Amino acid sequence: MSKVFELLGKYYSKVKQFFKFVYNSFIKWVIKPVWKYLKPVLFIVFYPINFLLNQLAKLPSFVIAILSGLIWGFGQLINRQYIKALIFFLIFSLVIFVEFATGSYNEEFNLYNDKIPGNEIEEELSNYLPTWYYYNLKEINPTSEFAYEDFTLLHDVAESNGYTFDESTLTFYDQLGQVIEVDNISYSTSDMFVFIGTQLRTIEEEVISASAGNVDNIELIIVDDVTRAKVLDLLRVQAEKNVLEDENYEALLSDQVVLTAIEELVEDGHIVDEASWDTTLTAYITDNNAALEVSALEELIDQKHVQLISDIDGLEDVAAILAKKSVLNIVEGLLDEQAERDIRVSGDFDELVAERVSEIATAILVGLGHLVDEVDWDNTLSIYIADHAEALVLQGETQLVNEKYIEIYDIQFESINATQTKVYYTSYYNSHFNKLFGALILQFDSVSSFKDMMQARLGQLTNMDNDDYNKMLARIYFEYNPELYSTIVDGVNNVYYERTGFFVKGAWGLATMGSISQTTLYQHKGIAFLLPSSGTQTIEARSIEIEGHHSTQLLLRGIISMLVVVYILFVFIWNIKDAYRTSKTIKETKVSPNERQYFAALYENFFEYIVLTPALILITFISVMPIFFGLAVAFTNYNIEHLPPGQLISWVGFQNFVEVFSVSSGGSIDFGGQFWKVFSWTLIWAFAATFTCFFGGFVQAVILNNTRVVFRKAWRAILILPWAMPALISQMIFRVMFNDNGYVNQVLFRTGITNLFTDWGMLGRGFNEAGTGLQRLLYFGDQNFQWLSNEANPWFVRIFIIVLNVWLGFPFFMALMSGVMTSIDKSLYEAASIDGATGFQQFKFITMPLVLFATSPLLVMTFSGNFNNFGVIYFITGGGPGDGTFETAYAGSTDILISWIYKLTVDANIRWYSMASVFSILIFLIIGTLSAWNFTRTRAFKEDD
Amino acid sequence: MNLLLKGFLIFLALVIIFTLQSLTVAIANKKGKNTTKAGFIGLIPGFGIWYYLKMKPERKLSITAIPNILSVKNILGTAFIYSELVALSFVVIVPIIYTFGTSLSPNSGILNTIWPENPSLINYKFLFSGSRMVGGIEETTDFVKWYWNTLQVAFLTMVFSVLFVTGTAYVFARYKFKGKKGGLLTILVLQMFPSFLSLIAIFTLFQTFGLTNEPKALVIIYVSGSIPFNIWLIKGYLQNIPKELDESAKIDGANKVQIFFKIILPLSVPIISFVAVTQFMAPWMDYILPSYLIIDEDKWTLAVGIFDFIQDVANTNYPAFAAAALIVAAPITLLYIVFQKYLIEGITAGANKG
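Protein sequence lines, in the order shown, are assigned to chains C and V. Going by the working numbering, the residue at position 710 of the first sequence is 710; the numbering climbs one at a time, nothing skipped. In short: position in the second sequence from 1, add 945, done, that's the working numbering.
If we strip away everything but chain V, and leave its shape as in the complex, we get (with noise of 0.2 Å):
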């Protein structure tokens, strides 16, 4: 009962402050000051709004301002927008905060508080030393060679995506040529096959080659797959740059090969950053090809080495899991904060406009 009601008084306290923070902001709005300093003053429950409710108004108000802003109602709804906030805000950290304290705990079974007792960086240190003793027994894990391979895997796949796309979604958004809708067809179906179907064949064809256990030839297997979306997203950016400069190029006297490098490739270097960046990003997290192709555990990628951590019955390891995750998922989410405009923008790209 007491953690109900600690949870309940805690989520009660946010909900009251920012009802008042709102209300601040809501005041020193209709008065005419400045909205971000109100914001922040609005913080400090009770003060800020007496603060405002005080201040002279910079331009002229109506009488039912105010007090509107201060009526029931408003309080209410504002007081109900917030606590759904909240409430969601709690939902949406509580996993992220769990994931950090399970990272701290020195033992490796499941944590039950939200965080460990006993805070060490125990699991941090295992995972980048490579190995620790519990218990007498000493666990290994390659931790550092799965960061290594995915790195590589990533970096490669990056460039080579790069490579081939970029050509390609060039002819494709320039130049009409006979079996062109066919072909933009044809790439739009290929991306619709599940993977599965390929998975036996590319395991033969890798068995033929001896190419199992390679973290390396993934990248020819992520590099043909990001082939059909990325010509879309490519295309569709390059046909936004005007034929007009393609023309006058070639009044001056440049043939396609020099049109291509010379204009259209530096105004697009948005667009081949972004893919770039999401081709760098893809292979951290695919599990399925990987966990099939590569049998030996030195040489597994990212998703999987995690994914063994909690799912080999017999050496669950739920804090080494949590920090693995936490380093993986760091960089990844931090990039896509900062460029998340630009991401959702692309993704829609490649099934709106086209």
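Pulled out of the complex, with its shape left as it was, chain C reads as follows (with noise of 0.2 Å):
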């Protein structure tokens, strides 16, 4: 075995041999070398900062401490302490890095994002929409005249969605040449038609490039003469079709019969002032200044129509040349279509559009007989209407404006269809659903109408939810009103609020507490009739709410961060006396310190502070930053009528002091008058309950401590049962046991007693006859002995309270006070007898001042404990008879300051933030002046050192 063990060493120690040849090897012929050439490098690039710091350490002291304030860590850098500087310079950067990365400087303020909830529809539509596009492809109708497919688009969305798109085959390809989905569109009827379509384009294309005044000279470009004289035959009929159906032609006729009747007029005698011929063939004649319909001239201008009509050579004259414009017309509405497309895409297309709306809209307002004064079609709808000189605003009028909406639609479509221009109203908020919807609108000759088209669309998304639609309707809403948007971002986005860090936030927060409250988006309701009516949800148009600022929470963050910015500049002024400091002395001593020793010497001097530092932590951010926070409460306005996150507070100043010590004036609740009741109430009840139990306690102890007692022992454990019992289970038997049916009464009630008082009067009678003065204050009750709820009466509730609260207070200065008489000398009391005092001379001159003296101290502790004593009050009364009304701002008969305060915040109907703190601190200016003054009377703290 050890031959083994032998070997093993062997291996072990030449493995070993190896690995040490390895490392020095390396060292030799690795770093050695590199340090060699890195070594010159190094030193020239550090050369010049060695340099600058040698510089830069002969500029005075405090110049040093100025630099190491802009850059932690720069003075210690120059001071040569490395470890130091790199301390501060962390330190320095993590603030910054705090500050940068709670916000979020570089992003933009999106409202969509930001603000709405809800997903972004693109995502839905764009993977969908290849098939849908292209199942819908099938339902154009391919023999329409000059439906010419633009696949320019189609190819756009196949590339930006991973496909490609085969115009021979109409399919779309995905990345492995596979189709997608559908069958190929076939063209049944004449290859003509995509012949057509295609030279169309091409003519299309001419145009474009030719310039626009010049299409004489455009030759349809096709191939063979045969070819020629089809596709002339077929402008000729479309020619011929649109010239009957033109409005050109229309209005080229009805100027022709115009003319014609105006001449017959003027021969047959009449004054044709304004002859104005709209489509209906009506006309104006003035005769001696009355103006006179003359519809009774339809005949004659119904003979001149017919006339014209079938003088055909008038109409083929008109035809030849309107045919030779047709052509033009063609190449016209190709410009016409190129012109609005471009428009479309530029943006003034929303101008034509809107003109063209209003134009519309107008002719509908004054049909239903509205003047129509300034029409200011504006893209919310809304219009100012001037009836009979006022103004009127249609813009509350969803419905009405909603109707006229789509009737504008309508109309406008049907005018669209009649003009035959093809122009599209679309509705699209990004640049792929743009150009998608876009290229199926030019695919349809004759569109529905646009909400069919939205309805189709939307129908067939099943994962949106209402949040989703209705941000969508938003979108779309002000992609129209932009000026709308524009407002509404600039009110939400508030650069500090949005974007800022912790610590230049919490700053802002503390300042302002927020300026935005909660705004509404409610305008996008108005094109609610976008939404599809789907079966299976109900998808209903909803106001938005956007979140406004969060009052309180800012101002918690406010203070938050101004405590850890006091940290901060502790850590601050360190370094800059550091750098100082250490300057100075290596100026003096040109030595620089060891930072070694000086780390040790921190840990010696400093060791209390960091051990202290927990306790301090949690001190600052557990109690200090509340009291703060409520002390900042007294300064604002925060109470039920002003409660975030729905409403903003804001600072107003000593506003609430004032109140208190003021009158009120009759609408406000009257904190100021009540609060003086309240105030003295406390004041008799601290005192009272006080001095009655130091008494009682006292009385007992003496009687206690009387030698004839026997077993003193078990006496003062009995007695001391009520210390010992949590005071507040105390407290609630108490509310139990005088409860006006309660154990006490019904003991009273058994033996008589209660019948006795009857007789004397003070019990018995109703609330009403409680009477006045000595009457009243004897008034106990109503059937019983109300303790607590005699509302007539509440002096005796609280002469009451104060009795029962010698119950709960006496055992304690009981069991002191006969500690201390126990532990006085009995030799003090030997002498006193031979001196010949009697028993009560040495009680009053040798007990009472000792013991009285030693617990005194602890009468201001005591009187604190009462002034704040809330369970007596809170758990036996509830504040005493009478709950606290609007009238007694919410104060009741027995309530102190500290019950009145949490009711004040506690209770859900009252939430008077603001007057409770700032009784609070009323409660802590004079507490606490009157124990920090009792306590420096003390000897420990005087003896302190």
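Treat the hints with care, since some could be wrong.
Stated by the list, open to error - Dumping the calculated DSS-like pairs for lysine-lysine here, alpha-carbon to alpha-carbon at most 25 Å:
hint, chain 1, residue 1, chain 2, residue 2
1, C, Lys577, V, Lys1125
2, C, Lys826, V, Lys978
3, C, Lys826, V, Lys1005
4, C, Lys577, V, Lys1121
5, V, Lys1018, V, Lys978
6, V, Lys976, C, Lys713
7, C, Lys713, V, Lys978
8, V, Lys1123, C, Lys577
9, V, Lys975, C, Lys713
10, C, Lys826, V, Lys975
11, C, Lys713, V, Lys982
To be verified - With the Cβ distance kept under 10 Å, some of the chain C side facing chain V (calculated, not the full set):
hint, residue
12, Gln553
13, Ile619
14, Tyr902
15, Thr936
By construction, these hints were calculated from the structure, which means they are not laboratory data. Note that the structure is predicted; figures quoted are calculated from it, not measured. Built from N, CA and C at the ideal position, the CB exists for glycine as well.
The task is to assemble the complex, starting from two chains supplied on their own in separate frames and drawing on the hints.
Pasting the structure below:
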């Protein structure tokens, strides 16, 4: 076995040798040469820095200190204390890092992303649309004239989704070359139309590339004469149709007719003043300054019309003219379309449409009988109508406006269809959707209506919920109303709130406590008709609430960040001081102090502070911070009328304090007057409770310590029970016992004492018969003693509470004083009795002074305790007979300040935090001063070294 | 009338018994006999006095000694004292017995006599099992959960209080440093602030961190609230430990930390246990904080839960309240009685010696 180990040992040492060799050669052949070459490089790099530092070190100390303040650690670097420099710099960068990490300085404000809930529709649609688009291409009537296919957009669509689109087969292919979904669309009738389409596109291109004026010079690029003839035929047929349906024809015709008619009328001797021929062929003739409507002329005109139409030559002329023009029309139409497309793309489209819509709307309204003065058709669909010189805004009447809007759309489409200008009203909010939708529309010769389009599309999306729809609506609406959008964004976008980090936002929040309360977006409900009526879910347009600034959270964070700043300030000052001192030392002694020594000394000297730190931090953020918060609240108007997050609270300065010390006006809650009432009762209570317990305990201790008492300890154990039981429990028990129908009253009733008092007139009367003055003071209750609920005689309850409190409080003093008494030196008594003092004198001159002196410091503590004795009041009387109401500023008859504050803070119907804070501060000032004064008097504090 | 008479007779009887006892002991004392034994024998009225009167005195007595004891003045004085004691004891004990009685009462209304006619343990069962059927409707209670919550909170408070306060108090007690007096005064002043001021802030703070409804979060507040007072207490105690111990340890080469752990801590076990005990007991009786910060009923602590038994107007349950009160009060009362001397000293030290 040992041989094995020997062998292993040999190999182990060999291996060790090997590794050592490798290591050494690594050093020799790699590190050393690298270092050799690196050293000069480093030297070159660091030499200037070194030089710079040396120069800087020559600056006066306070300058170095200032530099260190600007960039922490820099001073230490100049002083060549690298570790300290690193530490300070790390803290510095930590602070800056926190500020930037908690803020979002880089992002831009985006109302949709940041504030409005719901998902964007885009992804849903873009995943969907190639399929959908493709299916719907089938519905295109392939034989509609001049429905030329614009495949560029389909190409675009395909590309953006990672597919390819093959025009020849009209198929989408995915990246692997596989067909996406559908059959080809085949155009069953003539390839002619395909060809025409192609040709027309060529024409279009020609037109586009040619200058607009030289249409005459365009040649149809057609392959052969036959085709050309065919095309021309078609064009003529189209032209004739166009002529007949074209509004130009109508106009032309009517022009003709007008001329003729005017001639005729003038011949007949009428004075034709303003002949205005609209298409209904009514003419206004002024005869002798009276306007007559000459629909009687219709016959005449009809005749003329027929004549004209039947005048085939005329028509032919016209037609010929138009025929030529029709090509032009087509070309012009194409130009128009291109222009339109350009307009649409460029953005004037909206204006164009708006104008068009505006005209139509005006027409409608005029038709309804309104006088449309200034028709200002902005995109919020508000119209100003002047009816009898009053301007009305139709904005609120969404229903009416909606209907009109729909009408307008429909009318528009009709008129559009009628004019055959392919203007399509689109809604879009990103270029993708934009293009797609635009592409789709262009495919459609006659599109039913925008609404149906949206319905069709939206109906197929299943993953959207109400929030998403509302977001989409808002998007659409704001696309049309960019001014409104920017107003809202300006309103909501507060740089400090949205962008800054922990420290800056904290400071701002502290100063302003928020500047924006809730904003509601409701305008988009006006276009709610766009929402699909889907069967499975109820989709409705709802107002979108944009959260405002949450005042109390801002205040809280502000205070926290300021406290952190205090700590940072401490480090900052330490940094500057250290830089200053060290550089002075260096200048004087020419030696850089040893950092190790510094840290050791630090540990030695600051050991105390280091140990104190955890408790200090805990106290700062859990005890001090809420106190500052409470202090701050006292200077605000944080109450039930101003509740974040719905509303903001703001600084009101000393107003609350003024209110406490002044007389209130009738309407508002009389906090001031009530405060003094409650305060005086609190004082009375505190004094009474303290002294009754103190002297009660004293008397009891004296009795207990009497020599005649046997088994003193047993008696003491019994009598100390009230103190031993948790005060909370005893207080609650009293509440039960002294209930109007509780145990005590039952006993009193059964023993006949109740009857006795009734006979004496102190019980048994109703509330209203309580009487006044002394009679009232002696009113103990209605049927029973109303210990806790005597509304007519609150002093009864108050005195009762004081007496009851003795039960709770005397045992402590009794035990205490009993202990003091037993520890009094017996020899004092002996000496006194030798001198002839009676028992009573001994008591008066020895016992009493010593005991009282020993326990009097407790008086102040007990006084403070009773001043703030929440439990006795709250649990036993609940604040006293009479629930606090508005008139009494919510204070009951036995409420002391602290229980009142509790009510003001905790009761969900009251919530006057600002006043509660004010009172707390006042309490603190009183009790705090008292306690501090008392404490500084004690020996201990003075002796403390 | 009957009740009154009954009560008065009992009272009278007790006073007489105790007066006689006292006289017996006085006589026994004068005669030099064992007073404790005399105390017990003296409880038997009449017999005790006669017994001791007959005894031979162990030492010389003056002639007036015994007659003085049996003088009218003395007897009246004794009777007076004892009537006061008995009356007061009545007043002290009656609520407690009444609570016992209520807790054993089978109806849920207020008990009108001091002891129910059909005492039953139904209320205790109700509290521990969590539910019972009353007239066909099931009533539930989360008493056990409340107890457990409060126990956890109390335990954690105890541990963390001691941890945070001891080291800090040590530093204040032993070392001089800049800002010490100011720090002490600040701590004192902090204590004076009514907790309501911080209530809203704490609530907002907890809301921000999602800590409402979490009883353990209360521990943070209790611990930091306990720091001021307990620093005083422990500091005062530590100041009584002679500095020479420190110095000799330093000479032996101990550093500050070692002095703390090896010398100071073992000597301050009494005061640390006091702090631990008081901190353990404090959360059981705190109503204000849990009532505001904890919303779910099953996460309440005991104080809030118990008060709810009698405050919730729709659903008052006085016997359950009494039973719960007793369950909670019993251990604390016992602790207080056993450690009363200590506790009183501690409380006065807080105001007195510092």
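### Message
Name the hints, by number, that the structure is in violation of.
### Response
Going through the list in order, the structure violates no hint and respects every one.
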